[in-house]
Amino acid sequence: MAGKNAKAKAQRERRREAARRRSEARAVLAGVGLDLDDDLVGIGVVFEHLGPSQAVLFGVNAINDLCRNVVGVDIALFVEKQMRPSVVPSCPVFGVEQMASWKKPLIATSTITCLAALQTQAPIVAHYVLYPDFADRTDLSIEEIRRAFCDPRVRVFVRSQDYVALLRNEFGIEAHPVPDFQITEMLKVVLPELRR
Amino acid sequence: MDFENVTVVALAHNGERCIRRTVDSLVAQTRPPDRIVVADMGSSDGTYRVLCDMLGLEPIEHEGKRALPPKGEGAYRGVPVTTLRMPPQATPGQCLRAAMEIAWAETTIFGFVSAGAVYHPNKIEKSIAVLQSNPIAVAVVSDFTIEHTDGGERREYGRSFDWFRLLGGPMHDSNCLVRKAAMEQAGAAFDPQLHHAVFYELFLRLARVGIIYHLPESLHFRPEKKVKHTEAVRQEIIHVRQAVLKGAG
Chain A
1 MAGKNAKAKA QRERRREAAR RRSEARAVLA GVGLDLDDDL VGIGVVFEHL
51 GPSQAVLFGV NAINDLCRNV VGVDIALFVE KQMRPSVVPS CPVFGVEQMA
101 SWKKPLIATS TITCLAALQT QAPIVAHYVL YPDFADRTDL SIEEIRRAFC
151 DPRVRVFVRS QDYVALLRNE FGIEAHPVPD FQITEMLKVV LPELRR
Chain B
1001 MDFENVTVVA LAHNGERCIR RTVDSLVAQT RPPDRIVVAD MGSSDGTYRV
1051 LCDMLGLEPI EHEGKRALPP KGEGAYRGVP VTTLRMPPQA TPGQCLRAAM
1101 EIAWAETTIF GFVSAGAVYH PNKIEKSIAV LQSNPIAVAV VSDFTIEHTD
1151 GGERREYGRS FDWFRLLGGP MHDSNCLVRK AAMEQAGAAF DPQLHHAVFY
1201 ELFLRLARVG IIYHLPESLH FRPEKKVKHT EAVRQEIIHV RQAVLKGAG
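Protein sequence lines correspond, in order, to chains A and B. The numbering used here puts the first residue of the first sequence at 1, with every later residue one more than the last. The numbering used here puts the first residue of the second sequence at 1001, with every later residue one more than the last.
Hints listed in this document are in silico derivations from the structure and should not be mistaken for laboratory results. All of these numbers come straight from a predicted model, not from anything done at the bench. Be aware that one or more of the hints could be misleading.
[Said to hold, decoys possible] In silico DMTMM-like links for lysine to aspartate or glutamate, alpha-carbon gap of 25 Å or less:
| no. | chain 1 | residue 1 | chain 2 | residue 2 |
| --- | --- | --- | --- | --- |
| 1 | B | K1126 | B | E1217 |
| 2 | A | K188 | A | D37 |
| 3 | B | K1225 | A | D162 |
| 4 | A | K81 | A | D180 |
| 5 | B | K1071 | B | D1034 |
| 6 | B | K1225 | A | D136 |
| 7 | B | K1246 | A | E80 |
| 8 | A | K188 | A | D162 |
| 9 | B | K1225 | A | D133 |
| 10 | B | K1246 | B | E1231 |
| 11 | A | K81 | A | D65 |
| 12 | B | K1126 | A | D180 |
| 13 | B | K1126 | A | D162 |
| 14 | B | K1126 | B | D1034 |
| 15 | B | K1180 | B | E1004 |
| 16 | B | K1126 | B | E1147 |
| 17 | A | K81 | A | E97 |
| 18 | B | K1071 | B | D1024 |
| 19 | B | K1071 | B | D1045 |
| 20 | B | K1126 | A | D133 |
| 21 | B | K1225 | B | E1156 |
Put together the whole structure using the sequences plus the hints.
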């Protein structure tokens, strides 16, 4: 009798532990706008290069944190210029030419990478504006620059609240302020939209 | 409280009317610098006299004539200040090197300010916080506000610089804070041969050893200045870029 009670008690304990772990995992996934029942989500992040730069410092550190903490999101990096990384990423790194067959959301880190991302079949392109680099791109036409900000597939995120007003005046768009490449904040916007 | 030793180097050339407000903005920082060195680049106006007045320096007997001392030390509102008078033919690189040598041994972070520019009261504190929290950051630049002669203001958006972007276009923002250790790692502090692209040349080298961190806030003000890229400036920029690329192998 005592043995039967102990077995039932152990089973209850296991179920309680499973429920606790489930709610823990659900809370982590809710942090990026996902649910426990969702499929594994793939996200690509496009960098010009992985050498010393502020985009790499913020971006790769945030991606490494995400890889460590969130199981349901699979991240790949796409790089235009191959060079030794200043911050070592803990996810796979591909050349930008391999992005052509990518069909999952992409995060672009500059105007030029956003235009490259728009040439793929990515359903959503999150354009993270670390600084308003479009003013320097004299090699791009105004139509191309407008496309990087106003294309229906593009969602614009900016590093500073000041840039929200700048982009509103320049392109008439509403950008989401996300300080220092907090990728989870961007995913909270992108992933629920993708699910819909 | 940080454990950094900050020296701010101010370059002045014919800045009689604005040098006082530049130094005032430095001593009024929430985290004041440990030393200010003001190098007068052979001004033909009363810039050096204003500096000596601020420190209470008197003319001395020099070669049979009474003249202001070529180098003076004193305190201005509790902050040690050194003034340095450079000959008119000295290049900006030579002036910066001479000014930095005065406090090279004890300094861990060098700040730079051009005469006429005014630091926001938080600039040094925020820049030190960035350098301390990001060991890979070698220098901190920020956005700034241009003050027009008619009294208006215009916010200028700075850039996040890296090696490739610097190759695409030069930067001339000399109002920044730089880690001394990074300068040592990147080679000589400033090229004494250069007349115009001294900071650009330094930043090209710094971008190879770490990150030039950009703060997206307006942290200094500077008067409206029409910068004309003459042929000489363009040639110097091209020369600097080629020299650095050659050095990088």
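Exercise. What are the numbers of the hints the structure violates, in ascending order?
Worked result: none
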